[in-house]
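Chains as they are written, first to last, in numbering that gives the first Met the number 0: chain A, 0 to 435; chain B, 0 to 435.
Computed, partial: chain B to chain A, Cβ under 10 Å: (1) Val144; (2) Cys285; (3) Asp286; (4) Ser290; (5) Leu292; (6) Tyr294; (7) Pro302; (8) Val312; (9) Val326; (10) Arg327; (11) Gly330; (12) Ile331.
No lab work stands behind these hints: they were computed from the structure.
Please read these numbers as outputs of a predicted model, since none were measured by experiment.
Note that CB positions come from ideal geometry on N, CA and C, so glycine has one too.
Protein chains: 2
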Amino acid sequence: MKIINIGLCGLGTVGYGVYTVLRRNADLISARAGSNISVTHIGTRSSHSCRETESVKISGNVFQVAEDPNVDIVVELIGGTAVAFDLIMTAIRNRKHIVTANKALIAERGQEIFFEAEKNQVVVAFEAAVAGGIPIIKALREGLVANDVNWMAGIINGTSNFILSEMASKKREFQDVLEEAKEKGYAEADPSFDIDGTDAAQKLAILASIAFSIPLQTKNIFKDGITHLQPRDITYASELGYAVKYLGIASQKPTGIELRVHPALIPRSCLLSGVDDVLNAILVNCDALGSSLFYGRGAGSEPTASSVIADLVDISRNITTTNEGGVRPLGIKLTDIKDKKILSIEQIETCYYLRFSMHDMPGVLSKATSIMAEVGISIEAIIQKEQPVGVDYVDVIVITNTIAELHLNKAIRKIEQLDTVQGDAMIIRLERLDQV
Amino acid sequence: MKIINIGLCGLGTVGYGVYTVLRRNADLISARAGSNISVTHIGTRSSHSCRETESVKISGNVFQVAEDPNVDIVVELIGGTAVAFDLIMTAIRNRKHIVTANKALIAERGQEIFFEAEKNQVVVAFEAAVAGGIPIIKALREGLVANDVNWMAGIINGTSNFILSEMASKKREFQDVLEEAKEKGYAEADPSFDIDGTDAAQKLAILASIAFSIPLQTKNIFKDGITHLQPRDITYASELGYAVKYLGIASQKPTGIELRVHPALIPRSCLLSGVDDVLNAILVNCDALGSSLFYGRGAGSEPTASSVIADLVDISRNITTTNEGGVRPLGIKLTDIKDKKILSIEQIETCYYLRFSMHDMPGVLSKATSIMAEVGISIEAIIQKEQPVGVDYVDVIVITNTIAELHLNKAIRKIEQLDTVQGDAMIIRLERLDQV
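Isolated chain A (complex conformation) (with noise of 0.2 Å):
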């Protein structure tokens, strides 16, 4: 049987994850890829003298690794963008075949990185960057090949998710429910990349890329993130049928393309509010196929492992080949890409969930709800809640119909100045997730 010899860069928990499945599951793996894959070099910058590499080379110097003459594909997983970069240019270079879990790479780089790779004829593959353990690459550029997208929601942060979850189920506050979430590992010491979009706007571009043939992108995604919504905000979304969910959402519009990372009201009735903890999930709508599912764990060690060995084994079962027919990175030729309008958040149109803090005085909500009709919002349905005794100002809550964000803000401004309303009103998205 053929030998496909791996160098693995990195020994974190990913790293390690890959080695051990590797490890465990090779009768059943080297069934399944018609060849033998095995570690022959490892590369880590740190020591990790707790981990079991049995007698695999080890070099301190990852750019060994990328220069052994004897590995054929070389697995990144030493994250960051600036190392990361050159090791796996350097590799491409030697012709070694590239697999990587390394989004923000990709998300960044990576079209610099397919030209080198398509120069020296090598694969990149990078299913573990994206929805860790979910074959939602695979899914795109082959299983729904046949289909125009229309538009893809997913969550695909888990720290955030877990967040939101506890805060829904157990009423807890957002900073409370983060200090668990470091305690538990969920969450990094800095977990700002997890709760401000950094992370998941990183995903969304690599998935929007690939489904809407666009260039890879970060900056023209709008990111709002989830450190300013409060528990009563979800209790009243829930007693109104819905869940707030962290989404990433890319939708194909007559007039651009919506790339946009915040918290989202969805119907309970939908699939992805059903997805809790640190599950991950991307509903995708398509002209044929309608909408579909996939559900997994986002990140961790085996789940993320085992999307980097299924890398891993397509890449074995081409090797022999030339890389002339199979899939590209981003689904078509490098040069078929087209840089399409990306709408700014002004201009797109959806629903809203807002709450205002007002005097409890008649007349006040029909000036409120005047001001909304004058640029065309009407209310889906609407919370008042009865005043409690001493208190002066009662929450209104607010369900619009679709509405350019434009016109929103505009009313919004009009009402907050309002004597009869207290500060800022909390503005959440709300999408039904239903539309063609």
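Start from chain A and add chain B according to the hints.
This is chain B only, laid out in the frame that chain A set:
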């Protein structure tokens, strides 16, 4: 650009769907496939004067397509297992690659077909044979390739899922909903394959063969239909926190493999419980990835076409190379497939929902529960409703712990013989779907 010539056999709902989507998304599909996929010969035994097929050559004899020297790939969508088998074997011997949506044929005669394909070095692809547009074959053979599959549970028959969804949401009787399903075209005029489990068993046979590397087989699959389910059982299940779904289950146990198709209670907290209407979903539990779920439309013209075309693109991407390194039909070499022991239904262990009709007298319930205790059944939950005036017998519902079906049956037979128990017990298996 390379041209791939398709011979399309069958111009019914799915066949015309394939033709339509290939034409509508031609630019997009050819950019992704790297070749121009073009239907050049249609074989159809029926006249479809309303179908618009432009100037494509049409033959009334489908074998002319299989023998057409210009055809690269034959798409078999005529259904059935007689002519379809001969057609596919003829096409293979003429060195055509095959794409089919024919689950019955693959489940019953797949091995003969794959053997012949291997001899002739052509590909046989059948993504559309299981769960319509959901790329579950690709997920199992490629996306989850690193994993040892523990178990799978799937809603893989749309008709029966529609019937159960309607019975649950509207408390309607089985027969009543079945008639509606026929009117809506969800069920065939003869719906027996959908409601007795034949259709689901064929799909399960294919999934299990790929997941566990066992021969295709339907005769060893336990089947229980949905005709005996009553709305009140669905209501009681709901009161206890469960939904009733018609599942195909394949599970790898130390003693052998479980293959079974039957109605089952599943927890409301499981995503599968939210899969309603004609939708399909497969929950897969693996060693590295844990649980993942694949959801979408399991039937219909364009959803099925979506999978047929995905297969066409896969083959087109590799058509200039030999099939040597490609993905094999059942994931591994035919000679590596091993005949493992399939457990009988009496050997399986699961939880149970039991409904007895009992005379409401002191001591009756305790007699029944002591019979259960004797064989090792413990009771997880129980409902006994107050007896309406003038009714001698009341429904008693019991949820059991995990127990071998053999032992359960013994207890049930004893309880049914009690003077104070009327008629047969209603037994529905209950799957917690969270075990590893």
